[in-house]
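**Student:** If you read the protein sequences in the order shown, they are chains X and H.
Residue 224 in my numbering sits at position 224 of the first sequence; the count goes up by one each step and never skips.
Residue 195 in my numbering sits at position 195 of the second sequence; the count goes up by one each step and never skips.
FYI, nobody ran anything at the bench for these hints, they're computed from the structure.
Among the clues, some could well be false.
Listed next, the in silico DMTMM-like pairs over lysine to aspartate or glutamate satisfying Cα-Cα at most 20 Å (straight line) [claimed, not checked]:
(1) K313/X with D32/H
(2) K308/X with D122/H
(3) K321/X with D32/H
(4) K321/X with D195/H
(5) K313/X with E169/H
(6) K59/H with D87/H
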Amino acid sequence: MDYFQIALVTLEATIRLSVPLILAALAGLYSERSGIFDIGLEGKMLAAAFAGGAAAAVYDSAFIGLLAAIAVSVGLALVHAFASITQRGNQIVSGVAINFIALGATVILGQAWFRQGGRTPQLDGDSRFQAVTLPFAETLQSVPILGPIYENLISGHFLLTYFAFAMVPITWWVLYRTRFGLRLRAVGENPGAVDTAGISVPRMRYMAVICCGILCGFAGAYLSMAVAAGFVKGMTAGKGFIALAALIFAKWKPLNVMLACLLFGFLDATAILMQGHALPLIGEVPVQFMQALPYILTVILLAGFIGKAIPPKAGGQPYVKER
Amino acid sequence: MKNADLGWLRGKHMPSVVGQTNREANGWHMGDLAIELRGIDKSFGAVHANKNINLQVRKGTIHGIIGENGAGKSTLMSILYGFYQADKGDIQVNGAPTIIRDPNTAISLGIGMVHQHFMLVDNFTVLENVMLGAEENAVLNRGITKARAELKRLEDEYALEVDPDAVIEELPVGLQQRVEILKALFRGAEILILDEPTGVLTPAEADHLFRILEQLRDQGKTILLITHKLREIMAITDEVSVMRRGEIVATRETGKTSVEELAELMVGRRVLLRVEKGEANPQDVKLAVKDLTVRDSRGVVMVDNVSLDVRAGEIVGIAGVAGNGQSELLEAITGIRQAENGTVMLDGEPIRVTGEADPAELRKRGLAHVPEDRHHMGLVLSFEENENAILGYHYDEQFLNGPMLNLNNIRQEAAKKAEEYDIRPPDVRLKTANFSGGNQQKIVLAREMGRDPTVLVIGQPTRGVDVGAIEFIHRRIIEMRDAGKAVLLVSVELDEIRALSDRILVMFAGRVVGERTPDATEGELGLLMAGVEEAQEAAQ
Numbered sequence: 001m002d003y004f005q006i007a008l009v010t011l012e013a014t015i016r017l018s019v020p021l022i023l024a025a026l027a028g029l030y031s032e033r034s035g036i037f038d039i040g041l042e043g044k045m046l047a048a049a050f051a052g053g054a055a056a057a058v059y060d061s062a063f064i065g066l067l068a069a070i071a072v073s074v075g076l077a078l079v080h081a082f083a084s085i086t087q088r089g090n091q092i093v094s095g096v097a098i099n100f101i102a103l104g105a106t107v108i109l110g111q112a113w114f115r116q117g118g119r120t121p122q123l124d125g126d127s128r129f130q131a132v133t134l135p136f137a138e139t140l141q142s143v144p145i146l147g148p149i150y151e152n153l154i155s156g157h158f159l160l161t162y163f164a165f166a167m168v169p170i171t172w173w174v175l176y177r178t179r180f181g182l183r184l185r186a187v188g189e190n191p192g193a194v195d196t197a198g199i200s201v202p203r204m205r206y207m208a209v210i211c212c213g214i215l216c217g218f219a220g221a222y223l224s225m226a227v228a229a230g231f232v233k234g235m236t237a238g239k240g241f242i243a244l245a246a247l248i249f250a251k252w253k254p255l256n257v258m259l260a261c262l263l264f265g266f267l268d269a270t271a272i273l274m275q276g277h278a279l280p281l282i283g284e285v286p287v288q289f290m291q292a293l294p295y296i297l298t299v300i301l302l303a304g305f306i307g308k309a310i311p312p313k314a315g316g317q318p319y320v321k322e323r
Numbered sequence: 001m002k003n004a005d006l007g008w009l010r011g012k013h014m015p016s017v018v019g020q021t022n023r024e025a026n027g028w029h030m031g032d033l034a035i036e037l038r039g040i041d042k043s044f045g046a047v048h049a050n051k052n053i054n055l056q057v058r059k060g061t062i063h064g065i066i067g068e069n070g071a072g073k074s075t076l077m078s079i080l081y082g083f084y085q086a087d088k089g090d091i092q093v094n095g096a097p098t099i100i101r102d103p104n105t106a107i108s109l110g111i112g113m114v115h116q117h118f119m120l121v122d123n124f125t126v127l128e129n130v131m132l133g134a135e136e137n138a139v140l141n142r143g144i145t146k147a148r149a150e151l152k153r154l155e156d157e158y159a160l161e162v163d164p165d166a167v168i169e170e171l172p173v174g175l176q177q178r179v180e181i182l183k184a185l186f187r188g189a190e191i192l193i194l195d196e197p198t199g200v201l202t203p204a205e206a207d208h209l210f211r212i213l214e215q216l217r218d219q220g221k222t223i224l225l226i227t228h229k230l231r232e233i234m235a236i237t238d239e240v241s242v243m244r245r246g247e248i249v250a251t252r253e254t255g256k257t258s259v260e261e262l263a264e265l266m267v268g269r270r271v272l273l274r275v276e277k278g279e280a281n282p283q284d285v286k287l288a289v290k291d292l293t294v295r296d297s298r299g300v301v302m303v304d305n306v307s308l309d310v311r312a313g314e315i316v317g318i319a320g321v322a323g324n325g326q327s328e329l330l331e332a333i334t335g336i337r338q339a340e341n342g343t344v345m346l347d348g349e350p351i352r353v354t355g356e357a358d359p360a361e362l363r364k365r366g367l368a369h370v371p372e373d374r375h376h377m378g379l380v381l382s383f384e385e386n387e388n389a390i391l392g393y394h395y396d397e398q399f400l401n402g403p404m405l406n407l408n409n410i411r412q413e414a415a416k417k418a419e420e421y422d423i424r425p426p427d428v429r430l431k432t433a434n435f436s437g438g439n440q441q442k443i444v445l446a447r448e449m450g451r452d453p454t455v456l457v458i459g460q461p462t463r464g465v466d467v468g469a470i471e472f473i474h475r476r477i478i479e480m481r482d483a484g485k486a487v488l489l490v491s492v493e494l495d496e497i498r499a500l501s502d503r504i505l506v507m508f509a510g511r512v513v514g515e516r517t518p519d520a521t522e523g524e525l526g527l528l529m530a531g532v533e534e535a536q537e538a539a540q
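Model the full assembly from the supplied sequences, consistent with the hints where possible.
**Tutor:** So this is what it looks like as structure tokens:
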């Protein structure tokens with residue numbers, strides 16, 4: 001295997017591993033930009049993965065699976081919204097609770113329904129998302145360098161992958177070029193300004209949290225119905241938290257989110273690739289170190305070494321009209 | 001509703017609107033009413049913020065609403081803007097009865113508000129802030145074009161120039177306020193409410209603001225100006241309503257009233273409380289403040305080069321309308337707020353006022369402090385009484401048992417204090433929130449007075465305290481003086497200052513504008529408090 005091949009394989013894996021991060025981080029972006037911190041990305045993603053895998057297996061339809069994933073994720077998002085917007089509860093506590101509920105409920109329900117040790121039945125055919133081959137992929141195969149790049153990196157991904165990358169410019173556009181985006185950003189910075197402008201703060205925040213739920217649903221569906229052929233317990237494996245780290249690393253900006261997620265995805269890909277291989281001079285890098293790198297980088301960023309990450313000013317605070 | 005059509009005629013037989021009868025004779029036009037409030041009532045829990053408010057504001061005028069901090073002005077305006085709903089009462093806008101359910105309704109009625117704390121998104125551009133909530137379309141393109149054109153028009157028409165692409169947090173406060181005004185005009189406001197607009201402005205910026213307001217009025221807009229500064233009322237308003245303790249106590253035509261009258265209406269004549277006290281016997285200077293200057297968090301100078309001495313065995317009272325720097329002065333002296341420059345000597349030794357002072361250390365050095373707001377600073381309401389009774393003195397050896405608290409001693413001591421200061425109920429295990437205001441204040445006083453301080457600094461000793469307790473507290477303060485303590489007293493209650501003080505200093509706009517003996521008349525002090533005699537005094 002030559003270096004070109006290795007690079008291709010690594011980059012292909014990078015894209016595959018970045019997709020759930022991008023979807024979840026964009027989900028978090030909608031919520032946090034509106035002032036609702038969401039530590040429950042992980043839980044929503046996990047619950048969506050389970051719902052998607054289960055529904056797809058039962059109805060033998062990937063589309064129904066996706067709808068179920070989104071519905072469950074939005075449902076949990078609404079629980080978070082009710083607790084933190086309507087009841088003005090602590091957003092961190094609510095998020096942590098959702099993570100635990102998802103972690104436990106998916107296993108219990110999975111075992112009760114399918115009796116496969118918390119797994120959902122194997123998906124294939126119509127019940128699973130299939131990779132899409134873009135036109136000319138095979139024709140161009142023989143073109144040196146560009147051919148393999150087109151075939152492996154651009155073509156041959158799941159629809160959800162293209163959706164995730166399309167959501168980046170779309171989110172940017174929504175945030176900076178639409179009325180909804182203007183109000184969303186405003187409500188996360190100074191809800192008082194939104195309220196006095198005659199816009200309902202709770203309504204804006206509910207809408208943002210629902211957007212978050214929808215995208216988490218996509219992320220979960222991607223995990224259990226595209227990259228894997230079914231739900232496995234705990235399959236998010238901390239991706240929700242990495243996405244949260246990416247969101248902070250990206251300073252809550254959509255384009256940066258994509259780059260941060262690609263970086264974290266790349267680290268993950270190299271970790272897998274380097275497993276068992278010794279690097280010159282350094283020797284073998286433990287895989288755990290590579291897995292910890294996203295968190296380490298985020299901590300370094302938060303400590304102020306790479307510029308400053310300023311969260312939305314009203315983030316985490318329930319809005320109460322002042323007297 | 002029976003008064004509905006009487007309009008200004010009511011003025012003829014209501015003493016509170018003296019001067020109305022001569023109105024027509026003087027060629028004053030009785031314009032239509034832009035706003036009429038009838039019987040507006042609003043409570044927040046136990047706080048009765050607005051009591052039966054009746055207010056009429058004529059179109060095309062600048063109507064001032066003046067009152068001390070906490071008089072209920074902002075609440076009233078928030079009701080008018082739909083931020084709160086009144087418990088009772090009717091609102092009429094342009095002669096039509098309306099229910100203002102939310103700011104949206106207010107905006108559609110042509111009411112715009114410039115809030116005391118600007119309602120701007122700091123990291124947005126001027127344009128984005130102006131557009132927020134009035135964007136035209138789901139996609140911003142067209143709205144942006146229109147907003148730019150409209151801003152340009154407003155700029156030409158009212159000379160309100162500001163760069164639409166500037167980011168708010170990079171603009172000086174004066175310009176930020178202009179953006180707030182533009183926001184209201186952009187939404188088609190015909191009635192503009194300004195809540196304490198000059199609080200954050202420099203004098204030059206304030207003058208500019210007034211020119212803008214006059215221009216807006218001349219173009220037919222109605223302006224409601226909320227302030228506690230008499231000078232602004234006199235300078236710019238056509239009519240003025242005075243609020244005191246949640247009520248409108250009078251409405252006057254500005255040209256026919258005087259600062260003296262307004263000052264008196266604002267502060268109000270209160271029941272005179274006389275306390276028996278002998279001659280003061282002042283000894284050495286115990287607290288010496290020199291050239292103290294303090295800025296608040298926004299950078300506004302709140303205490304401006306203040307110097308004062310307090311001697312052992314005397315009470316020095318600081319009078320002034322709330323918000324003229326008294327609070328900041330107290331906080332700087334007691335080490336809670338960092339001063340910009342100046343020195344404070346406690347018993348001949350300097351206090352670090354410009355650096356990080358340590359209030360605990362000041363306590364040990366004999367400076368006791370009864371803070372102005374007992375709920376905020378003086379007590380932890382969810383604590384038991386005995387815990388509050390030692391708060392700040394909990395490092396005293398008698399309350400400690402190694403690293404642990406000596407609960408027995410603490411409770412015994414608290415019980416002793418409760419008896420001595422007549423704290424009722426005398427249950428030291430009771431949660432502090434369950435005591436009445438007067439008894440809560442006694443808990444703080446007992447704690448601070450009972451430790452034999454050299455200097456006692458007291459803010460608002462009887463705010464929210466019932467009459468019986470007031471007398472008790474006043475007696476205690478006099479006893480402290482007679483025991484040779486130096487007492488610095490700050491109160492917005494002029495009667496209290498006059499009853500207790502041996503010398504009275506009047507603060508206005510951060511400066512000490514005069515010193516008087518307690519024999520000074522209320523009128524004389526009132527003028528000083530309003531900042532009126534300042535110019536004359538400086539000239540002499």
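**Student:** Looking at the structure, which of the earlier hints fail to hold?
**Tutor:** 1, 3 and 6
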